[in-house]
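With chain H held as given, fit chain P with the ligands onto it using these hints.
Listed in order, the protein sequences are those of chains H and P.
Per the numbering used here, numbering of the first sequence is gapless, rising by one per residue and ending at 466.
Per the numbering used here, numbering of the second sequence is gapless, rising by one per residue and ending at 400.
Everything labelled a hint here was simulated from the structure, so no lab data went into it.
We treat Cβ as the ideally placed atom computed from N, Cα and C, and that holds for glycine.
Wrong hints could be hidden among the right ones.
[Unchecked claim] Beyond 10 angstroms from chain P on every Cβ pair, some chain H residues (computed):
hint : residue
1    : S14
2    : I87
3    : L96
4    : Q135
5    : A174
6    : S187
7    : Q206
8    : T291
9    : A303
10   : T318
11   : S422
[Unchecked claim] Distance ranges between label pairs, derived from CB positions:
hint : chain 1 : residue 1 : chain 2 : residue 2 : range
12   : H       : E403      : P       : P322      : 39 to 47 angstroms
13   : P       : G147      : H       : T198      : 36 to 44 angstroms
14   : P       : I217      : H       : W382      : 35 to 43 angstroms
15   : H       : R137      : P       : K355      : 30 to 38 angstroms
16   : P       : L366      : H       : L289      : 21 to 29 angstroms
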Amino acid sequence: MTAKSFDIALIGAGVVGCAAWRAFTLAGLSCILIEREADIISGASKGNSAILHTGFDATPGSLELACMREGYRLYREIHEPLGLPLLETGAMVVAWSEEELAKLPGIVAQAHQNGVTDVTQITAEQVRAREPGLANDVKGGVWIPGEALIDPWSAPLAYARQALANGGTLHLNAEVTSGSLTGGTWTLTIKNAAPIQARIVINCAGNFGDLVEAIARPSPFTITPRKGQFVVYDKPAHGLVQSIILPVPTARTKGIVITRTAFGNLLVGPTAEDQPERRLATTETATLNALHAAGCRMLPALAGMEITTAYAGLRPATQFKDYQIEALPAQNWITAGGIRSTGLTGALGIARHMRGLYETHFGTLKPLPSPLWPRVPNLTETLPRPHAQPGRSEIICHCELVTHDEVAAALASPLPAGSIGGLRRRTRCMMGRCQGFYCSRRVLELAAPYIPGLADA
Amino acid sequence: MHNVAIIGAGPAGLTAARVLLQAGISGVQVLERNPQPGGLPRFCDHQGWGVWDMHRLYTGPRYAGELVRRAAGADILINTTVTALEPNGHLHISTPGGPEYLQSRIVLLATGIREKPRGARLVSGTRPWGITTTGAFQEMAQAGQIPFRRPVIIGSELVAFSALLTARHAGIKPVAMLEPGPRILARRPGGLIARAVFGVPVRTNTQLLEIRGIDRVESVLLERNGQREELACDGVIFTGQFTPEAWLPRSAGLQIDPATGGPAIDNFFRCSDPAYFATGNLLRPVEHSGFAALEGARAAAQILRALRGELPPPQAAIPVIPGGALRYIYPQRIIPGGIPIQLHGRARHAHKGRLRAMADDTLVFERLIRILPERRISLTLPGAALTGRNSLAVILD
Ligand SMILES: Cc1cc2nc3c(=O)[nH]c(=O)nc-3n(C[C@H](O)[C@H](O)[C@H](O)COP(=O)(O)OP(=O)(O)OC[C@H]3O[C@@H](n4cnc5c(N)ncnc54)[C@H](O)[C@@H]3O)c2cc1C
Ligand SMILES: Cc1cc2nc3c(=O)[nH]c(=O)nc-3n(C[C@H](O)[C@H](O)[C@H](O)COP(=O)(O)OP(=O)(O)OC[C@H]3O[C@@H](n4cnc5c(N)ncnc54)[C@H](O)[C@@H]3O)c2cc1C
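The shape of chain H in the complex, shown without the other chains (with noise of 0.2 angstroms):
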């Protein structure tokens, strides 16, 4: 029997998969996304700092920059009509030293070379008049109004429920281990599955990017996934910061960030760890306690709140710092690898990067003439939710002020989770303060029916 071919096949249902499945299915093509886990977003993006940048700091001229500011600006255009929040909180890099604040100038004009023109330094006393909870040794900063706060997981799994509702294709808990290519037509081996075929490839596996780039040619990157890991504070912390709170940049790192979340948590974080594990980001109690100090020598008040967990997330790092996106010809096949540290921002702009190449080297492109735009819940204190609403069904989550209505929609959705932690994300029930001390048994009583493993009686 042969397998129903696809126009595109995409690895990876990262943030990265999820837009570019959107935007080639948008664009008119039959598309596959296939993805190892049992559901999308397990992979790097599952865990960042969910902030939308700006690109002030990128490299100027780079692919990265082109991306983030695309990116950037479709964000803006799309995420009223899927239910995506936007927090504008703007950003402050924060010097600590007077090295750190003969730097500025420098990133105000690299800023502006970027074309976010807003960007202005601004002195110790107006730092401490926007965000009066900081320590007292501030020495100046620089203020980017731009940057803002936006929801990691509710952000791909919009762009993925567009996709499914657009007729387009997902296939989970399916490994590509290899491939080949006949007569202009891609064969993809699956791990315990049918084969899947395809006219063209796109390789967005994050940190397996070299591994998955391999089954087309010998890899031009290798992967070095760079842990990131943060630690989380409970919502009366949220109010100690108004605005993002970066730290004067380094060569490897945005460096340590205090940030509000989409939410009403404060996150302290993240690290960068180059490290040789790609799947499982584990988090280590000495560095968390080093965070927490960090957080506390910046933002004093923090030493009284209480934490509330603490997570880890893996950067596709390679030898390069900019994006490594290519189309090849020859072998039906684009790449969009090593999408470091920007990919949640870059996402919508690197997917148009990509629908560019296609037209450049594949063909034309008849995009639906009037596509179906599904909303995904809210799940953020920016915008109503269910909690607040009359006729509310129980709420099953204290913590985060989850209905049972909510969970049970998760579980049954078009997109329905595949594990405890893709409820969690789509839900946020367990993400609080107890972590499951008081809603353990709700969650289980709703979710073991759905996702096999989680008890026995």
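Coordinates of chain P with the ligands only, in the frame set by chain H:
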């Protein structure tokens, strides 16, 4: 406007409601976010409840039922979550009918306590399924949902033995009980009983270094005397390290004692905004249900006085400061006067020494004590001895 709103229908809140009703107070509302009142005991399906406050032995669920029965006549609103406190006793609540705004002369906070989960303990490792707390485990077990078969139990406070009892009930066998310190924290039943009765090895001086596993817990990495060992298991139950459920008063800017994690109160159970009173395990980690219930009754007695306008103005309070090996002391503020003043605290570590209370520079209390970290330290001072003083220090040296 209601007279009194009580947040939380656990042992403390329901007992307070009963006392207020018996005193003839009308307009007492108990707000409870769960579909059933009763608080934490509802899911603790073993004996040992009610001894202190009811002088009878119940299982947790029966005790919860008894608390509700004895508070009959109170207006208990279930499925009602308080989402924010505002000054002067104004509450934002979420009800099935929609959000509401509630105003009472006095609000009693009785929101209880929870165990510190893995996340907040910043434990190293992966984050697979099968990591829980005693409270969650007991609730799941009672519903017949067992997430593991061979968990490891972290901690040895009394509640860890509660987890052992539940495990035995549910027919699962923990692989070990781990205690980082040199001895079991619970006075009874102790390590011998854990081994003999439950067949579970107790390992003291043992640190949990890391949790391992991809989708499910597969093992834990331990360290004892510098030696590391990987122990196979399929779950981790974190017990104890209690944290008051204090986010409401914390978010509202009521004064929180960083040492207890609960709201700071005066000796009339008043918070820094005197429209708010607090009682039960919200006040500190942790007491058994009977103590929390009796505390609910004592707070209710002060609320009755407040409704009659009999309490002294809160501004008259002087601070109580813990010192030496004392981890915390409460009430955190006292108003010296005619009545004796009861203080409770805990030590940082096992300690043998002198407990003394200094009113400014004057020694007003002294006792030799020998104390374990999880045991309550109580002292009563004659109120008159403190009149005219500026502060009270309670020191364990
Ligand atoms: C600590 C940290 C902080 C960050 N902060 C921000 C921020 O604030 N703002 C921002 O814009 N960006 C941020 N980022 C960056 C952003 O998260 C990443 O750039 C982005 O998630 C990368 O997405 P991706 O789709 O390329 O990779 P992934 O999300 O890893 O997706 C790849 C997917 O491919 C799957 N896969 C791999 N191999 C196969 C195979 N053989 N077969 C099938 N499926 C396969 C994987 O399971 C995975 O789900 C941060 C990242 C980290 C780690
Ligand atoms: C796992 C565990 C096992 C224990 N085992 C024992 C034991 O065997 N014997 C014993 O004597 N003690 C035991 N204890 C200790 C003690 O019994 C409980 O802490 C006791 O229930 C304390 O009573 P409380 O009224 O202060 O709080 P709780 O019983 O916790 O009641 C608080 C109530 O407030 C409600 N609430 C909280 N926030 C809100 C809000 N925002 N809006 C509305 N309602 C809210 C909660 O839903 C809850 O019903 C145990 C504790 C734990 C955690």
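Now for the hints, and whether the structure bears them out:
For S14(H), the condition that its CB be more than 10 angstroms from all CB atoms of chain P holds, with the nearest at approximately 33 angstroms. The beta carbon of I87(H) is kept farther than 10 angstroms from every beta carbon of chain P, the shortest such distance being approximately 30 angstroms. With a least beta-carbon separation of about 18 angstroms from chain P, L96(H) lies farther than 10 angstroms from that chain, consistent with its non-interface assignment. Residue-level check passed: Q135(H) sits 26 angstroms from the nearest beta carbon of chain P, beyond 10 angstroms.
No Cβ of chain P approaches the Cβ of A174(H) within 10 angstroms, the least distance being about 29 angstroms, so the stated non-interface status holds. A cut-off of 10 angstroms between C-beta atoms confirms that S187(H) is not in contact with chain P; the least separation is 23 angstroms. Distance to chain P confirms Q206(H) as a non-interface residue, since its nearest Cβ pair spans about 30 angstroms, more than 10 angstroms. At the 10 angstroms boundary, the C-beta of T291(H) falls inside the reach of chain P, the nearest C-beta of that chain being 5 angstroms off.
Its beta-carbon lying about 14 angstroms from the closest one in chain P, A303(H) satisfies the requirement of being farther than 10 angstroms from that chain. Once the 10 angstroms rule is applied to beta carbons, T318(H) is inconsistent with being away from chain P; the minimum gap is 3 angstroms. At roughly 21 angstroms, the least C-beta separation between S422(H) and chain P is larger than 10 angstroms, which holds for a residue marked as non-interface. One distance hint, 39 to 47 angstroms for the beta-carbon pair E403(H) and P322(P), holds here, with the actual separation near 42 angstroms.
Separation of G147(P) from T198(H) is about 42 angstroms and conforms to the stated range, judged on CB atoms against 36 to 44 angstroms. Roughly 37 angstroms separates the CB atoms of I217(P) and W382(H), a value that falls within the hinted 35 to 43 angstroms. For R137(H) paired with K355(P), a C-beta distance near 49 angstroms fails the hint of 30 to 38 angstroms. Between L366(P) and L289(H), the C-beta spacing of about 58 angstroms breaks the proposed range 21 to 29 angstroms.
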